[in-house]
Amino acid sequence: MSGERQPLRARVRVAREGFTLDVDLELPGRGVTAVQGPSGSGKTTLLRAIAGLERAPGARIEASGQTWQDDGRGVWLPAHRRSLGYVFQEASLFTHLDVRGNLAFGQRRRRTLPSAAAGAVARAIDLLEIGPLLNRRTDTLSGGERQRVAIARALAAAPELLLLDEPLASLDQARKQEIMPLLERLHRELEIPVLYVSHAPEEIARLADHLVLLEQGRVLAQGPLAQVLSRLDVPGLAGQDAFVVLDAVVGARDASWNLLRVDFPGGHLWVRDEGAPSGQALRVRLLARDVSLAMQPPQATSIVNALPAIVRGIGPAAHPALALVSLRIGDDEAAGGSDLLAEVTRRSLDALGIQPGAAVWALVKSAALLA
Amino acid sequence: MSGVSALSSASDLSAVWLTFRLAVVTTAILLVIATPLAWWLARTGSRWRAPVIALVALPVVLPPTVLGFYLLVAMGPNGPIGALTRFLGAGLLPFTFAGLVVGSTIYSLPFVVQPLQVAFSGIGRRPLEAAATLGAGPWDRFFNVALPLARPGYVLAAALGFAHTVGEFGVVLMIGGNIPGRTRTAAVQIYDHVEALRYGQAHALAGGLIAFSFLTVLLLVAADQRRRPRS
Numbered sequence: 001m002s003g004e005r006q007p008l009r010a011r012v013r014v015a016r017e018g019f020t021l022d023v024d025l026e027l028p029g030r031g032v033t034a035v036q037g038p039s040g041s042g043k044t045t046l047l048r049a050i051a052g053l054e055r056a057p058g059a060r061i062e063a064s065g066q067t068w069q070d071d072g073r074g075v076w077l078p079a080h081r082r083s084l085g086y087v088f089q090e091a092s093l094f095t096h097l098d099v100r101g102n103l104a105f106g107q108r109r110r111r112t113l114p115s116a117a118a119g120a121v122a123r124a125i126d127l128l129e130i131g132p133l134l135n136r137r138t139d140t141l142s143g144g145e146r147q148r149v150a151i152a153r154a155l156a157a158a159p160e161l162l163l164l165d166e167p168l169a170s171l172d173q174a175r176k177q178e179i180m181p182l183l184e185r186l187h188r189e190l191e192i193p194v195l196y197v198s199h200a201p202e203e204i205a206r207l208a209d210h211l212v213l214l215e216q217g218r219v220l221a222q223g224p225l226a227q228v229l230s231r232l233d234v235p236g237l238a239g240q241d242a243f244v245v246l247d248a249v250v251g252a253r254d255a256s257w258n259l260l261r262v263d264f265p266g267g268h269l270w271v272r273d274e275g276a277p278s279g280q281a282l283r284v285r286l287l288a289r290d291v292s293l294a295m296q297p298p299q300a301t302s303i304v305n306a307l308p309a310i311v312r313g314i315g316p317a318a319h320p321a322l323a324l325v326s327l328r329i330g331d332d333e334a335a336g337g338s339d340l341l342a343e344v345t346r347r348s349l350d351a352l353g354i355q356p357g358a359a360v361w362a363l364v365k366s367a368a369l370l371a
Numbered sequence: 372m373s374g375v376s377a378l379s380s381a382s383d384l385s386a387v388w389l390t391f392r393l394a395v396v397t398t399a400i401l402l403v404i405a406t407p408l409a410w411w412l413a414r415t416g417s418r419w420r421a422p423v424i425a426l427v428a429l430p431v432v433l434p435p436t437v438l439g440f441y442l443l444v445a446m447g448p449n450g451p452i453g454a455l456t457r458f459l460g461a462g463l464l465p466f467t468f469a470g471l472v473v474g475s476t477i478y479s480l481p482f483v484v485q486p487l488q489v490a491f492s493g494i495g496r497r498p499l500e501a502a503a504t505l506g507a508g509p510w511d512r513f514f515n516v517a518l519p520l521a522r523p524g525y526v527l528a529a530a531l532g533f534a535h536t537v538g539e540f541g542v543v544l545m546i547g548g549n550i551p552g553r554t555r556t557a558a559v560q561i562y563d564h565v566e567a568l569r570y571g572q573a574h575a576l577a578g579g580l581i582a583f584s585f586l587t588v589l590l591l592v593a594a595d596q597r598r599r600p601r602s
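Chains A and B supply the protein sequences, listed in that same order.
All residue numbers for the first sequence refer to the working numbering, where the first residue is 1 and numbers rise by one.
All residue numbers for the second sequence refer to the working numbering, where the first residue is 372 and numbers rise by one.
If we strip away everything but chain A, and leave its shape as in the complex, we get (with noise of 0.2 Å):
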């Protein structure tokens, strides 16, 4: 594939009865950005308006360093002319053609230099692991393998944008684990662009590198993944427990005790070593009930994990009990530092001091390791 990748921007305003949507997106030309929102919030629209199956009157879409819709000057690609693939909520495989029929009919009507779309095909077909299932029917497929020749679909006809519209919404749990490990090796290895629109705070923490927070048709907040999510001014992922991903590298491991460090900027963590390979880059899901503060480095404590630092800033809480404390681990320039979220009790606060500013500990009680 091609060296750098255009941003992909849209300004799309659509006005129906009842429903406003009113965005202006720039994200970036590679990673994943995922969208998020309540129902209603325009997520699909915002999709489908990309992708130019609705037209959004007025609209101006660039991606790939191509202009599909200006409105402004009269330019409008219909979708077919757009290089992008599209993955519904449900798979919505031709039913009259086999598995390879599928990812043929996307091939053929490729829209990218064949330069750029050699081995599109093969490679999908490894990326979401279809190579037994390309002579079966479409019928006889379960909902799981539907929706990974849908995916395979999409980038066998090697679009310069992807995008996934809540691609596991209409699948049961076991069904989107044995999918999961299939989308991190996607979003590892694609260099295009991919829009993820989900509700699922496990695909988001999992798959995005870029956060868009939908409300009412408006953006909440967008940007990189822990500067959104460790944001105090917006309701995180609505009604779910507040977290923070780091980005971390299996920096040693205490083989004594089973336990792992995962090094991320400004600090580390000991965690379960469930095997991962010294160097290996992987995230690390931290909710913010979690995390306790401290004021003074913890003794005589079972908790593994404590590590200094900065209040910045106090928020609301699900409860007006609680309170979101936003922390700035490792403050040095140089080795940079990470966004941590803890969930206390407002009486703690108030018993402890706590302001802007503090000084403090945070203690971790649990962390997830994800791929």
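Some hints here could point you the wrong way.
Said to hold, decoys possible - Here are the simulated SDA-like pairs of lysine to any residue, each with C-alpha atoms no more than 25 Å apart in a straight line:
1. A:K176 / B:R497
2. A:K365 / A:T301
3. A:K176 / B:P498
4. A:K365 / A:Q355
5. A:K176 / A:A118
6. A:K365 / A:G279
Derived from the structure by calculation, the hints contain no laboratory data.
Starting from the known structure of chain A, fit chain B onto it as the hints suggest.
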């Protein structure tokens, strides 16, 4: 086909052959005409949709003689269709095979349009949208996604259109008269037999028509099933 002596009648055979040709030609024309019409009806939000549906369905409720009468008048020397066909140098349509085809096409139209419309509606927008995101333009989507997905609808439409044309009587009699070898179809021939009290020959021909219609529809359905092996 029982009763070899009865069917040995050359006029019976020619009536069956004419009926078969009429049904094949009419069904072929109908599938071509009904496809865009059914496609439009299945997808449009136009206010003309309801009137067009009613118009297409009219032959279902109209007595065939009424339809045949108006067609006869319209195709006659003083009618608009007659004026047109004469202007085009095609002469007049009444009492010709071409006239029968025109009448049958209009008469059987709803039986072909409706299954197709149901089939197209059943596909929904999603497969077509998926095809668009995979690079297929409008014609491409129609021929390579919509048509194959609507195939069961086409089988049913062809079977109904064929069977209905084979069985028509009133329109044929009105437009075609009863000219042996040219416009005397099997249904008309049976009527003639009964009028002349040749019940044996009427039986043979009627029974033959039943068997023939059944076989035709069976063949269509079987061909469709062979092409989509069920697991």
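Hints, one by one, checked against the model:
Between K176 of chain A and R497 of chain B the alpha-carbon distance is near 23 Å, which keeps this suggested pair within the 25 Å criterion. Using a Cα cut-off of 25 Å, the hinted pair K365 of chain A and T301 of chain A holds, with the two alpha carbons roughly 11 Å apart. For the hint linking K176 of chain A to P498 of chain B, the alpha-carbon distance of about 23 Å falls within 25 Å, and the restraint holds. Note on K365 of chain A and Q355 of chain A: the hinted pairing holds, with a Cα-Cα distance of about 22 Å set against a maximum of 25 Å.
Of the supplied pair hints, the one linking K176 of chain A and A118 of chain A is violated, its CA atoms being roughly 30 Å apart against a limit of 25 Å. Using a Cα cut-off of 25 Å, the hinted pair K365 of chain A and G279 of chain A holds, with the two alpha carbons roughly 24 Å apart.
Going down the numbered hints, you'll see the structure goes against just number 5.
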